[in-house]
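In UniProt numbering, the protein residues as written are 1 to 212.
Quick caveat, the hints were computed from the structure, so don't treat them as lab data.
Keep in mind that the hints are not guaranteed to be accurate.
[Unchecked claim] Below, computed lysine-lysine pairings styled on PhoX-like, alpha-carbon distance capped at 20 angstroms:
| hint | residue 1 | residue 2 |
| --- | --- | --- |
| 1 | 59 | 47 |
| 2 | 190 | 206 |
| 3 | 117 | 180 |
| 4 | 201 | 190 |
| 5 | 180 | 192 |
| 6 | 206 | 192 |
| 7 | 190 | 180 |
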Amino acid sequence: MSVTESKQCELIFYTNPASRGQIARWMLEEVGVEYRQILLDYDQNMKADEYLAINPMGKVPAISHNGKIVTECAAICAYLADAYPEQGLAPKLNERADYYRWLFFTSGPVEAAIIDKARNIDIPDEHKRMVGYAGYQQTVEVLAQAVSANPYVAGQHFSAADVYVGSHVIWGIEFGSLPKRPEFEDYAAKLKTRAAYLAAKEIDAKLMSEQG
C-alpha cells in the first residue's frame, strides 16, 4: 500500500472513497510512490475555505505535488505519468496521438454523454452543434472502437489513458451507463486484473466500510 501519513510527503491526495477519487487512487497505485491522503466529506470540509483554496469547485480528487495543485481526473492521470516517467505510463512524445485523443475524448464527449443520459437529457438535432458530442449512441460506438482497436487504448502498452478510460468503462458496464457489449467487457476484464487496480479498490472499499 502506498498510503502514508508522513507530513514530509511531497505528494498529497485529497479524496473521498465514494467519488471519482477512485480514478486518481488507481493512478497513484500504478505510479507506486508514497503519498499522503486527506479524506474529505461532501457536506463540510469539501466546501470549507481551506479546501476551496485548493479546488474552488469544491470537488475531489485533487493532488498537491511539491506544492503544485492538479485537479480533474484526466489531468491528474496525465500529470502523474509525466511526473514519474520511470514508470512508463505515457507513450513516447511522438507516439501520443491516441493517448491524448482517447484520454480527452473520454473526459469530454463520453462523460457529457453519460451524464446527459443519466439525467434523461436528449439533445435535439438542432442543438447538437452546441454540445461536444454527436449523441449518446454515436459516442458509445466510437468508444467501443477505441477500446477494441488495440490491446490498450493508446496502442500496444498499458498507459495512464487506460486508467481514466478504463475507469469509465468499468463503472459504465457495472452501473448501466454503458451497454454490456463485448468490446467493453473484454477491455474491463483485462484492466481489473492489474495489481494496482486491485490495491486501489481494496483501499477505497476499506475506507468506505469504515465510514459506514
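Margin query: Hints numbered earlier in the text: which of these fail when held up against the supplied structure?
Written below: The structure conflicts with hint 2 only, although it agrees with all the remaining ones.
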